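For the sequence shown, our numbering gives the first residue as 1, with consecutive numbering after it.
Hints are supplied without guarantee of correctness; some may be wrong.
Claimed, not checked - Listed below are the simulated DSS-like cross-link pairs for lysine-lysine, each with C-alpha atoms no more than 30 Å apart in a straight line:
1. 110 / 69
2. 62 / 73
3. 220 / 252
4. 220 / 493
5. 252 / 189
6. 69 / 268
7. 224 / 252
8. 189 / 224
9. 69 / 85
10. 40 / 395
11. 252 / 264
12. 62 / 110
13. 110 / 40
14. 493 / 620
15. 252 / 268
16. 645 / 620
17. 85 / 40
18. 404 / 645
19. 85 / 73
20. 220 / 110
21. 220 / 264
22. 110 / 85
23. 110 / 73
Keep in mind that the hints were calculated from the coordinates and are not lab data.
Computed from a predicted model, the values in this text were never measured in an experiment.
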Amino acid sequence: MKIIFTLLLFVGLSFKATATNNDTSNITINGKPASSNNPKIWNLRNADIRAVIDEVSRVTGKNFLIDPKVQGKISIVSATPISDKELYQVFLSMLQISGFAAIPSGNVTKIVLNMDARTTSSQTINSIPNSAVVDEILVEVVPVQYVPAEQLVPVLRPLMPQWSSVTAYSPSNMLILSGRSSNVRQLSKIISQVDSSTANGIDIVPLEHALAMDVANTLKELVKTQLSFNQRSQSVIAADDRSNSLLISGSKTDRLRLRLLISKLDEKSTGSSNSTTQVIYLHYLRAEDLVPILAGIAQASFSGVVGTTIGSITRPVLDSTNPAASMASLAPGSNNPAPNDFPSQDATTTNPDNSPGATATQNQGTTKPSIQIIAEPNTNSIILNAPATLIRTLKTVISQLDIKPAQLLIEALVAEINESDFKDLGVEWGSIDQRTKDASTFKPGFAILNSKTSIAQFQSQIYGLARQKKANILSTPSVVVLDNRQAKILIGKQVSVAATSYPNNAGGETTASPYTTFDRVNVALHLYVRPQITRGDGIQMQIDQGNDTLDSISIINPGVTPTFNISAIVTSVHVESGDIIVLGGLAQDSLSNDNNNLPILGEIPGIGRLFQRKITNREKKVLMVFIRPHILKTEGEGLEVTGSKYNHVRFDQLDIARSQDEYNKTDRNTIIPAWHTTNLPKPFCRPKTESKLATK
1 MKIIFTLLLF VGLSFKATAT NNDTSNITIN GKPASSNNPK IWNLRNADIR
51 AVIDEVSRVT GKNFLIDPKV QGKISIVSAT PISDKELYQV FLSMLQISGF
101 AAIPSGNVTK IVLNMDARTT SSQTINSIPN SAVVDEILVE VVPVQYVPAE
151 QLVPVLRPLM PQWSSVTAYS PSNMLILSGR SSNVRQLSKI ISQVDSSTAN
201 GIDIVPLEHA LAMDVANTLK ELVKTQLSFN QRSQSVIAAD DRSNSLLISG
251 SKTDRLRLRL LISKLDEKST GSSNSTTQVI YLHYLRAEDL VPILAGIAQA
301 SFSGVVGTTI GSITRPVLDS TNPAASMASL APGSNNPAPN DFPSQDATTT
351 NPDNSPGATA TQNQGTTKPS IQIIAEPNTN SIILNAPATL IRTLKTVISQ
401 LDIKPAQLLI EALVAEINES DFKDLGVEWG SIDQRTKDAS TFKPGFAILN
451 SKTSIAQFQS QIYGLARQKK ANILSTPSVV VLDNRQAKIL IGKQVSVAAT
501 SYPNNAGGET TASPYTTFDR VNVALHLYVR PQITRGDGIQ MQIDQGNDTL
551 DSISIINPGV TPTFNISAIV TSVHVESGDI IVLGGLAQDS LSNDNNNLPI
601 LGEIPGIGRL FQRKITNREK KVLMVFIRPH ILKTEGEGLE VTGSKYNHVR
651 FDQLDIARSQ DEYNKTDRNT IIPAWHTTNL PKPFCRPKTE SKLATK
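With the sequences and hints as input, model every part of the structure.
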């Protein structure tokens, strides 16, 4: 009996429990069934969540779709009455605490796990209305205007639950927030505060001492280095050369940091080297020639206006007129041959209006130049008015260009040689191996003599032929010239040539004499050469050599129009220092026939040959030019060359004096002193004591 009673009691309790778990009518509020008429106090202890959902649906009139995973017990303790409108918000908070979420979907609200809410939410809004439910799941798209959206993701991520999401869409610079409306509303307020116009402002920083472009390049390298170390930096730096200012854009922190760096870089350094105006004196280069080079460098590193000025020259200027400057063509009878292909080393910048105070200014315009480069020819100096950094750059360039140029001694020999003796001369101009001195190593030829052959030895061979009337030495010029400068030698005369004749066209009783204008034509042997020292001791030379002569008939008959014989060589060669090179041969062929016979007897056939004389004279001459350049590397070499030339003149004077029958004191005074005892004439020569004092 006891067993039957126990079973009935167990079944009754089970039935009651089942009704409690599945029937919402058993949920009581203050011991009474729940109703929707008035606010009530809700007290639930370990109530089944599905039963609570059923009751909330009945009270609020909402439809719920429950995920099968939604299971569990919940408890609600209320000390004050809760209205039906407030009940739904309490219900959503209860779901959030239990790990569930309510997602509206049309007329149905889905109740799912929080982890599934991120992918299940279908409500997307651009802004959250004030009436939105606090714990409702939604997705909001927040546009960002001033700050890069991807920079905000790591900042916002810790502020949201783990199951929610924050995603940046870079093309339109937007943030996509997914989560409960309360969290999304909070993040939206944070984004609006961070995304302000002051976040990425633009500051203009004027510079006083530094060059804007230099500072901008330095800061850009710094920003680039930060990016290489994965440090996010959206700073933008630009230089305004016109105002010498920097424009910086970025966050307030980045701009403050950049301003601090700019102030350090724009400090005035101690010393006068930081002055914006400096005068630089040149030692070897001409100021007017250097100005265009400096202007090009300044323009390349400075986008502003660069002004250049060349001052007027008040000192005497050398006449650089070249009476025979033709290199392209030497037309006979021409007063001024075609222009020389070599730029004249004496070319100067002259006044455009020939006024004493005039200046030649380039790059003139409406904009005032930010940089001025002025040449002062009278002191051979450069005046720079520019930022200190640019001045330092230009001074470095000037110091590297304004160096002492090398000098060269160029010796030439121009000889006219008969063709009959040409081969003999070629054999004599062979070379012998300088190491063995063996005659069996003799190599005939005339193109290039070995570097051991001195010009004196070479001249002695030519003079030997000249004494035998086999060669005619036309000229043996020598000149010292700077590297990459033109040297010219001109030996000859000027001839008057009728240019224009004007007949008597007066007519009537007026009488007028016809007249003729004449031009002066240079008939000369000329040599123009521009040497350029290449790598090692090599020398590259541009050479123009020519020999203009009058025809023999023009010399005999001065009244006839003169005929000119023109010969020229224009070439470029490369030779080692000290070697002798032949430029080539200018051949001249002349043929003359002379027939003489006795009258009548010379015309008799047969025996008439006994009374005839027939002379055929054929003459071929070759004009050859030999050049030997030598680099004067030191001052001692220059003095040695000068001394040898000086002594050569002195020895000639001594030979002439000794050849005279009467050699007196007067003749001795005409001879120049020895090289090592040379003194200037009074009043230029001073006692040795004064010279020592002057040099101290």
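Structure-based check of each hint:
no., hint, in the structure
1, 110 / 69, "holds (12 Å)"
2, 62 / 73, "holds (21 Å)"
3, 220 / 252, "holds (18 Å)"
4, 220 / 493, "violated (69 Å)"
5, 252 / 189, "holds (20 Å)"
6, 69 / 268, "violated (74 Å)"
7, 224 / 252, "holds (19 Å)"
8, 189 / 224, "violated (33 Å)"
9, 69 / 85, "holds (27 Å)"
10, 40 / 395, "violated (93 Å)"
11, 252 / 264, "holds (19 Å)"
12, 62 / 110, "holds (11 Å)"
13, 110 / 40, "holds (26 Å)"
14, 493 / 620, "holds (25 Å)"
15, 252 / 268, "holds (27 Å)"
16, 645 / 620, "violated (34 Å)"
17, 85 / 40, "holds (12 Å)"
18, 404 / 645, "holds (24 Å)"
19, 85 / 73, "holds (23 Å)"
20, 220 / 110, "violated (54 Å)"
21, 220 / 264, "holds (16 Å)"
22, 110 / 85, "holds (19 Å)"
23, 110 / 73, "holds (19 Å)"
Of the numbered hints stated above, those contradicted by the structure are hints 4, 6, 8, 10, 16, 20, listed in ascending order.
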